[in-house]
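Novice: Following the hints, complete the assembly by docking chains W and F onto the known chain U.
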Amino acid sequence: MSDSIAKPRLDRRSVLKAGAAGAAVALAMPSIIRPAMADDTIVLLTWETYHDDPWIEEWSRANNTKVQAIRIGSEDELFQQPFSGAVHPDVMYIETGSLARFKAGGLIVDFDVSQVPNAKNITPKLDWKKYASIDGKVQAVPYNWGTQPLMYDADVVKTTDSWSVLWDPAYEGKVNMFDDCSLTFPMIALHVGAKDPFNLTDDEFKKCEDALRSLRKQIRVIARGFDDASTIYAAGDAVLGYCQNVAVVTSLQQKGKNFKYSLPKEGTPTWIDCAGVSAKGNRPIVYKFLNDNLTPEWQSRFITSSSNNGVLNVADARKAGVKEETIKITNLLDAEDPSFWEKLVVFQKNEDLDRRLQIWNDFKSGTL
Amino acid sequence: MRGSSMVDQSAAATGMTAPVIPRPRIARLVNLPVWIWLVVIVLLPNALLIGCSLMRISNGFIAFDPSLVNYQRLWGSSGFWTLLGRTLKLSLVASGIAALVAYPLAFFVGRIVRRNKALIVTLVLVPLWISLLMRVFAWRLILGQSGLLNSFLVSSGVLDRPSEAFLYTSASVILVFTYIAIPYIFIATLNAFEKLPQSLLEASEDSGASSLQTFLHVVWPLTRRSLAIGVSLAFLITVGDFVTPSMIGGIDGTTIGVLISSQFGMANNWPYGAAVAIVLMLCCGAIVGLVMAACPQRGVLLGDEGARPASGAPSARGRWLKIGGMTGVFAVILFLYAPIALMAFFSFNDSKMQLFPLAGLSLRWYFDLVHNDGLIVAAQRSLIVAFFVITFSTIVGTAFALLLHYGRVSGARFCEFAIALPIAMPGVVLGIVMVLGTEMLRIPSGLVRTVVGQSSFVLPVTMMLVLARLRRLDPSLLEASLDLGADKLRSFLFVLLPLIRGAVASGALLGLTLSADDVMVTLFLAGPSQTLPIWVFNQMRFGFTPTVNAVFTLLAVACLLIVVAASRIGGRLGRPVAQNDA
Amino acid sequence: MSLTDQPLLALDGIDKTYEGGKKPALDRVSFQVAKGEFFSILGPSGSGKTTLLRMIAGFETPDRGRVVMDGEPITHVPPFKRDVRTVFQSYALFPHLTVQGNVEYPLRMARARHPERAAKAMEALALVDMADYAERLPHQLSGGQRQRVALARAIVCRPRVLLLDEPLGALDLRLRQQMQHTLVSLQKELGIAFVYVTHDQGEALSMSNRVAVMREGRIAQLGTPEELYFEPASEFVAQFVGRSNLIPLTFQSGDDGPVAVIGGSRFPRLTSRKSGPARLALRFEAIRVAPASDGEGDLAGVVEDVLFLGTNLEVNVRCEGLNLIASVPAARTNELSRGQPVNVTMDLSNARVFHG
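Chains as they are written, first to last, in the numbering used here: chain U, 8 to 375; chain W, 43 to 624; chain F, 13 to 368.
Honestly, the hints are just simulated from the structure, not real lab data.
Treat the hints with care, since some could be wrong.
[Unchecked claim] Here are the simulated EDC-like pairs of lysine to aspartate or glutamate, each with C-alpha atoms no more than 20 Å apart in a straight line:
#1 U/Lys224 to W/Glu206
#2 U/Lys287 to W/Glu481
#3 U/Lys267 to U/Asp168
#4 F/Lys93 to W/Glu206
#5 U/Lys264 to U/Asp117
#6 U/Lys73 to W/Asp392
#7 U/Lys350 to U/Asp361
#8 U/Lys330 to U/Asp341
#9 U/Lys287 to U/Asp117
#10 U/Lys326 to U/Glu358
#11 U/Lys356 to U/Glu82
#12 W/Lys394 to U/Glu55
#13 F/Lys93 to W/Glu521
#14 F/Lys93 to F/Glu72
#15 W/Lys530 to F/Glu72
#16 U/Lys264 to W/Asp392
#17 U/Lys262 to W/Asp392
#18 W/Lys530 to F/Asp95
#19 U/Lys224 to U/Glu179
The following block holds chain U by itself, in its conformation from the complex (with noise of 0.2 Å):
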């Protein structure tokens, strides 16, 4: 009869309904009849572009172990992510200014350079062992490492020579900066001519303070990754700033525009991220799984895919494979020059975290 339960009748919510279901269906197949886990996993805490998902699937086959990579985009997330449980890493990348923090906290222990012999492909200008050793031992080793210059579009910028362009009112509203108070702290305290910029004093800290309050006018916008910063610059939006990542400027470049980078008479900093392993993953499949990252083919690859340095000194990164225009873009061929590194400041452990981050949050709601 007219029974409206009784008669099936194709309705719009039917169709949604069935549509969704075979589409859930169809999805999820290939993942229920994928085999079984292999036995021993090693979970990375990596950063993106650092580990592609075919390099390690190619490593993982080659070795019978499985590789997972949990990719972070921010210090934040480097942090939340192993603190809170939500992550159980065999191995962090961190970057040498908070290797001590994560010491602290039990997430990494002493790290076996016996274990990694192809540490000698470690190009001798990174002085790695001084800034990756607490207490006389070694905490990690080096993947990769970076400067945070000044970088500027060069049709409008001109001096380039010192931070404090970031501050001339010319640029009010055009200057950009990125959301990591322990890697910008660092040039702010560079700029206000600290001694020592990992160790301020308070009348130093009140410089930074003042610094930043006359900083926040020239900003409009603070980028939330490379990729956003790209595209901040690209539409116009700053025309100087500090980078992130010598990357952005790449890619600029590759669209046309005249974005360059310059290294201030400061100092530059400097970053240089470093594998350190859990008492988890303290065990000899993962330092071979950190040996193979530090052959050269593997870094040669993850140079020309990311355009990042990684950690071959130019002659090897060559031998390697790594091409002229790969190289010209990166640092490789900078850092066979003695007095480059003299305008580099490395990041190292810092005084008091919570107070920068204090003023870096104040200076950013604008209660400076």
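Specialist: Chains W and F only, in chain U's frame:
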């Protein structure tokens, strides 16, 4: 006096022998799932959060030293108060403006539009299915220095040179928040308008009330609670989102979520972050409470609930109303689809950069799509997660609503409020809190954890929608069914379900959009299993490929095709909506 | 009316207090309903009659006491397992089912087969004259039609007890009278016991075999309509059932025991064993009114107003500080008018005296 033999009061007078019967044990047992959910998913994690806020940080470790030191620090921090004020203001103003747009729109669509109603409703909903990040990103392209709006204004001679006033200001944040809020408020209020009995409006007019008076004294009191729910939902969704304001508002778009995130992140000062989060939640709770109190619900609509189309011949005024209304509908739909259209546009652009002018026409991003394993895996995972979340939340949420409504759960109001609590939590905090909870329960990170975490805020939405529907039902319907010989299960299947399926379906749809678009909570729970929004989030930050545009363009086109096709089919079957859902 | 030894339905010492309620909704209520009986529960709103009905239907469980059906205690049997059907005050028709769908519903729940279902439903609909509306949805029906559908739905399975919760409340007078006839004839035809809840004494008296009058959760009186009418057990019943004057009087000690004094006049015909103030319940029709010129009466008074009720007149007479209402046949309408002096005579044969 006769009849005392019939009135068997002697037994009563001599002292009754029938024992006091305790309530059947089963009646208490059925509440158990509600309480378990409450304790495990809501109370326990929140207790951890509150406990954490009373701790102190010492040398990077949380020290057990209960004190109010974190709250004292908050109290003295002008930065905190500024951020809190700004965060609440942006969301409130945007929700308010969105209400001003969505409420009349819902009135028009719910009561005046007769043909193509379903089409309009779904058109308003489809944008919710396109990644929020993508739409926000597109707004930047519209509002930016070299964006669409500036190009248009400059080329048409309104402006001499591109204005900076459209992007990276508080106003632009409010604009985009309004954009986010409109569909939610529209959906929440539409139902109330549809269910408004025509006879009440006629009764009011009959009593000599003008249209305005009818609105004030009849329409508004009967729809304001739904509006309050919609506004609260929109408010809570926007207040926890700190990525959008920082992308759209620039440095002035810094909101309190950033502060919370950095305390749980780089600062690694959880106690302080927890204190900030708790104060934010209390403020949100107070605001939602105020909104709800300002819009009380009185009475239950009984019986004559059929949505009857407005009667009477179209008067001149009615025609103008209709023309005005349709114009409004088109304007809103245009507004909702502008960023999506732009996204579709760029999916055919032969450049990696999302910039004007366009580089040339190309389909390469669509071809890339097929080979982008990361994307395909993420999309699959998103669907799987959404499927489980929706199935779980719909079934359990409906069951909870039935229990709370019919089960005479003691403290039902409290349960309802507490279960809804996760909706009021900022994403970052909910993420952390769910990690704490799932860690304690030894639920491994990945699919299960993500499903549990997302259900914590999807389930209450489903539950509240179903509960609202149940409260509007004539309570004697269920009794009639039981009385007529149907047991509880069959009463549910044959009577309740057909009556509430609209609410269940809209709960599932809303849940799907919430699940499919969640970044913050999933970020913490997914571990290595990225879902699509997280993949997009990472793309935005490190190497965007327009393939993402292509994906969501395809999704939007598919949605729209289904919508149009379904409304055609529905139209041919020609079944009036009024008869289907009472 | 035939009362067999085994009552069909028995309520035994039912107590019920709602959560948060101060006064009990039901207080030691017991009664029995015989097979095929038309049993009414009469009372003002809030007297507990609907609670009682829901107790029988199974929607409420008593705090104490038992509900017994055919000798079987069913106190904790869920509603869908009781052979009891209810016609709800709001009708509670399922808005998403057609008229026929609604009537078929209980059959479907009883897992009846389809052809049988349809036949029985149509039969039930025919009984209430609604067969032509089988395809309609409830909102397309008028109030009276919905009422009849609800009735058809309740009787389609031939339950042993049918509960009716003020089913005629929302209907107009004509429809109500029509439905009263329908109900009585249906009840006779089907032999189902009806438990009928109402606040309308007219409905209760005209249709029922027996009536229980409820007051504040207790049964004030239970009996046949005649018993209630002529021998009310209390002032409350006297006032609620039928239409009575309540006349204050005093019994003063006399030679033959206490004798009634109304106003200033003594009534030797009315005596009591107890002296002191009391009240006399006197039906309207037990008072006769005659023009003063026609001779002696019990009391003298003046007509205040006259209501014409068709077959009867209601005459309000003011005498000695009292207002008495008399119901007199309409034939003598021309003899009584406002302001006219009259003599009032009381027929005390059916009068009830309440002390205290």
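Novice: Under the constraints set out in the numbered hints, which ones does this structure not fulfil?
Specialist: 4, 5, 6, 7, 10
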